[in-house]
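Protein chains in written order, with our numbering: chain C, 28 to 209; chain S, 29 to 128.
The set of hints was computed from the structure by calculation and includes no laboratory data. Check before you lean on any hint, since a few could be wrong.
[Unchecked claim] Pair by pair, the computed Cβ-Cβ distance ranges are:
hint	chain 1	residue 1	chain 2	residue 2	range
1	C	A174	S	V107	46 to 56 Å
2	C	T39	S	T110	34 to 44 Å
3	C	V69	S	A87	34 to 44 Å
4	S	I70	C	S58	42 to 52 Å
5	S	A37	C	V162	10 to 20 Å
6	S	V107	C	V69	45 to 55 Å
7	S	N108	C	N76	31 to 41 Å
8	C	N60	S	Q102	19 to 29 Å
[As the list claims (entries may be wrong)] Straight-line C-alpha distance at most 30 Å; calculated DSSO-like pairs for lysine-lysine:
hint	chain 1	residue 1	chain 2	residue 2
9	S	K47	S	K69
10	S	K47	C	K203
11	S	K126	C	K203
12	S	K69	S	K119
As the structure is a prediction and not an experimental result, all values here were calculated from the model. Note that CB positions come from ideal geometry on N, CA and C, so glycine has one too.
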Amino acid sequence: MAGSLVLVDEFTVSSAVANVIIGGGSSGSSSENFAIDSTYDVYMLQYNNLFMSVDGRVPQIRFTVSGSADTSSNYDNARMNLYSNQAFYDGANQNVSYMPNLSGGITSPESQQGTIYLFNFSNASEYSYATLELVGATETPEYYGVAGGFVLTVAQATDGVQFYANANNIASGEFKLYGLNK
Amino acid sequence: MATQEELQALADQEIEDAKPLYKQVNNERLEFSDSDYAQAKIDLGNQKWNDQQFGYIEARQEAYGSTGSQLDMQYWDSVNSTTTWADHIAKVKSDNPKPA
Chain C
28 MAGSLVLVDE FTVSSAVANV IIGGGSSGSS SENFAIDSTY DVYMLQYNNL
78 FMSVDGRVPQ IRFTVSGSAD TSSNYDNARM NLYSNQAFYD GANQNVSYMP
128 NLSGGITSPE SQQGTIYLFN FSNASEYSYA TLELVGATET PEYYGVAGGF
178 VLTVAQATDG VQFYANANNI ASGEFKLYGL NK
Chain S
29 MATQEELQAL ADQEIEDAKP LYKQVNNERL EFSDSDYAQA KIDLGNQKWN
79 DQQFGYIEAR QEAYGSTGSQ LDMQYWDSVN STTTWADHIA KVKSDNPKPA
């Protein structure tokens, strides 16, 4: 049925790892070996209960090309950070090597969860871009939300999404990738 | 302010101290390869450099507060002949200095 979500890849971090790839074919973290392709025009990545192994570490996001993270400084982003304990902040960066994120924690409720829509990934002649909405908590706790988007300004096909800890590890988290049925 | 080389050395040490790091590939938990460790060091070094060189911009923007709250400060400064807003801006700048 058009508009329905079809689960194409999922992975749960049960032992701490420094990075996770959803999609990415055989380089992906799960045994699904799914690579984002033209089967669906739009994909949705949902992640929940993401905890870091060290307080204050940041789960950052990149796209993958043939299963390997594109580490180039070609990512642009814009975002609004909504804090419970301070004024909202709208920021943007150009030519950075990842999508900036807010820090996570190690114990409940310091987890992060979000929804990322992925566009144009399989189109080799267009940029890959994504919209992002997430909520989370850090120490104290201080609650936050982020709404924004980011784009990899290289005309190439991308086939997955990498989450990586800026240092140390991602302790746990659940990741699910859906295709949006045409 | 640290040089880029000094920050990269800190990042290298931080990754060395964090070893072993693992990645999950095809449902297998594998230790980072040499190239993975090298990339992690570059990533962390770049982030430290960016934080030092450009982090003050975001830190200042966050600390300035909303336009509305700044206008409120300016209004009450004009009513009370105080310098609350100017003092606030000066403090934000001094708390988040621009790298030399």
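Just pull the numbers of the violated hints for me, sorted ascending.
-> 1, 2, 4, 5, 7, 8, 11 and 12
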